[in-house]
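Novice: Keeping their order, the protein sequence lines are chains A and B.
The first sequence maps to residues 9 to 325 in my numbering.
The second sequence maps to residues 9 to 325 in my numbering.
Possibly wrong hints are sitting among the right ones.
As the list claims (entries may be wrong) - Mimicking DSS-like on lysine-lysine, the simulated pairs with C-alpha atoms at most 30 Å apart in a straight line are: (1) A/Lys137 to B/Lys85; (2) B/Lys322 to B/Lys61; (3) B/Lys265 to A/Lys137; (4) A/Lys265 to A/Lys219; (5) A/Lys265 to B/Lys61; (6) B/Lys322 to A/Lys322; (7) B/Lys322 to A/Lys265.
Since the hints were derived computationally from the structure, they do not count as laboratory data.
2 protein chains.
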Amino acid sequence: MKDIVAGVDIGGTNTKIGFVDAQGEILVEGGLPTAEYELAEHFVTALDAAIRKMLAGHDDLRLTGIGIGAPNANFNKGTIELAPNLNWKGIVPLVAMVERQTGVKARVTNDANAAALGEMIFGAAKGVKDFIILTLGTGLGSGIVIDGEVVYGHTGFAGELGHMTMVQGGRECGCGRRGCLETYASATGLVRTVMELLGDSREESVLRDMKSSEITSRMVAEAAAAGDGIAAEALDRTAHMIALGIANAVIFSSPEKIFLFGGLAQAGDAIFVPVRKYIVELTQPVFRGTFTVEPSGLSEARAAVLGASALIWKEAQ
Amino acid sequence: MKDIVAGVDIGGTNTKIGFVDAQGEILVEGGLPTAEYELAEHFVTALDAAIRKMLAGHDDLRLTGIGIGAPNANFNKGTIELAPNLNWKGIVPLVAMVERQTGVKARVTNDANAAALGEMIFGAAKGVKDFIILTLGTGLGSGIVIDGEVVYGHTGFAGELGHMTMVQGGRECGCGRRGCLETYASATGLVRTVMELLGDSREESVLRDMKSSEITSRMVAEAAAAGDGIAAEALDRTAHMIALGIANAVIFSSPEKIFLFGGLAQAGDAIFVPVRKYIVELTQPVFRGTFTVEPSGLSEARAAVLGASALIWKEAQ
Chain A
9 MKDIVAGVDI GGTNTKIGFV DAQGEILVEG GLPTAEYELA EHFVTALDAA IRKMLAGHDD
69 LRLTGIGIGA PNANFNKGTI ELAPNLNWKG IVPLVAMVER QTGVKARVTN DANAAALGEM
129 IFGAAKGVKD FIILTLGTGL GSGIVIDGEV VYGHTGFAGE LGHMTMVQGG RECGCGRRGC
189 LETYASATGL VRTVMELLGD SREESVLRDM KSSEITSRMV AEAAAAGDGI AAEALDRTAH
249 MIALGIANAV IFSSPEKIFL FGGLAQAGDA IFVPVRKYIV ELTQPVFRGT FTVEPSGLSE
309 ARAAVLGASA LIWKEAQ
Chain B
9 MKDIVAGVDI GGTNTKIGFV DAQGEILVEG GLPTAEYELA EHFVTALDAA IRKMLAGHDD
69 LRLTGIGIGA PNANFNKGTI ELAPNLNWKG IVPLVAMVER QTGVKARVTN DANAAALGEM
129 IFGAAKGVKD FIILTLGTGL GSGIVIDGEV VYGHTGFAGE LGHMTMVQGG RECGCGRRGC
189 LETYASATGL VRTVMELLGD SREESVLRDM KSSEITSRMV AEAAAAGDGI AAEALDRTAH
249 MIALGIANAV IFSSPEKIFL FGGLAQAGDA IFVPVRKYIV ELTQPVFRGT FTVEPSGLSE
309 ARAAVLGASA LIWKEAQ
């Protein structure tokens, strides 16, 4: 018999499931369409059925737990709370529901904390006691690990570095405030910086011939690589803001490593080179040279399921 | 026999010593003039002699350890490193030196972390697992407690919230960078804000008749209480920046309580009322109402020695 954990990644549209072994291999994959379940109860019943179907014919596998990554998840309480991108309103006691339905241990945390756990158990953070992972996607998520433990805080919602105020009276944020880090340091923030530069300067740019609603961070990175000045400047300013966000995080918990994950991090040198350059001047002197900024050790496609499973695997260690 | 800990507060000019029992009573007090010892070795010899003298005639007391609060102290390494306000240059392995000289266990940490430990063991943070203390003096020090433990980080220097960049290209800071929180949110920051306002506005103010080098935060608070508009505005802006710093710290570790300590905190309602007002709008929605901002539970006169002793008492718990 081989012990496995079901790693479950709940997204607004689809839910991915993977059976993950102790070495981080994904042995069986499955899923279900999140958006089709108006009620959390029905989703949990369907999740249980999907997992049973995946187990069928694998008599050699023993399911030891279900780790779940979900938006607006609260690890302390085992809940999903007021998630704007899910059908389920209010506070959903997901862990209790899943444990009752399936009969095995369940845990839930948000996507960025799952990414941190995945990095710790299966990725580039093995053996690293103090690190922070930043997920640079539509927003900026963060998972903070201090002395080997993810920081959840009093509420269970700690680690929201994307909402650090960086510019007083700055850009409008989805949270209702202004100047949050993620309005600058994310794929969306990069595109907003492009818009600002297109308005501010008279320089020619291939980005002027695109609808602003259609510009992606990949297009900006490609334009910059092709020599477009506006695109290069936007990437540089975004890297500066990422570096400043990192500098502010470092004075808090003094990590050994910072990992960058997600769409913007996949731009590779185009983002890592300027971030590492700005880090030197922006970091408080006592912390200079005490940490490194590195890419995540997990592939974009596998990270969510591996991270979710790591919730259970960490407790088994 | 009664177990006691020697709490030692090393300042640039003087060192205070207090024998502290498990209930936080200071039973015997002593001290020595830090600045007179050019070499750390000589200081440690004198510290040992001072403690022996304090013990003489108290056969009922048993010294169980020596807890030390000192500038630029590193708890992880037991060192004082490159402290600009002490005679001792380079890296001083203080814990090893004190243990060798005295034969009892020693620990060292910086002033703000000692304040956090004092609050946890003897003050208003008893039973609080997640809290942050801000010491608002010449600078802004911070001690961060997560799940009952002070955050030291990979380097041992974590928890430097005074150096969070709040205003890009803002006020010059002693650390060589610009816009650090402590250049606005500290006793010194308050006076700098007064200067800015005196330059910016034409309003009359009693503060115009003082030398800027002589204005203290107490004078500003008194002027504000007497109806001086410039003083009141300076206090309000300082409170706004303290609240913004707190809001940024809260998204990191989601504490249950924030304690304010030091000169500025002693202004009482003049600072707590506006800080609590601004906290509401500045805090990210998910954390609103999840924490309180409170005065320290320790008196200014006793906090440093109690906090230093708490380094040892915490380990005894």
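Novice: None of the hints should be skipped; say for each whether it holds.
Specialist: Evaluated hints:
This hinted pair checks out: A/Lys137 and B/Lys85 have alpha carbons roughly 16 Å apart, not beyond 30 Å. Between the alpha carbons of B/Lys322 and B/Lys61 the distance comes to roughly 26 Å, so the proposed pair stays at or under 30 Å and holds. Annotation: proposed proximity of B/Lys265 to A/Lys137 holds, straight-line Cα distance about 26 Å (limit 30 Å). The suggested pairing of A/Lys265 with A/Lys219 is violated, with an alpha-carbon distance near 38 Å, which exceeds 30 Å.
At roughly 47 Å between alpha-carbon atoms, A/Lys265 and B/Lys61 are farther apart than 30 Å, so this suggested pair is violated. For the given pair, B/Lys322 sits about 28 Å from A/Lys322 by alpha-carbon distance, which is consistent with the 30 Å threshold. For the proposed pair B/Lys322 and A/Lys265, the alpha carbon gap of about 29 Å is at most 30 Å, so the pair holds.
Going down the numbered hints, you'll see the structure goes against 4 and 5, while the others check out.
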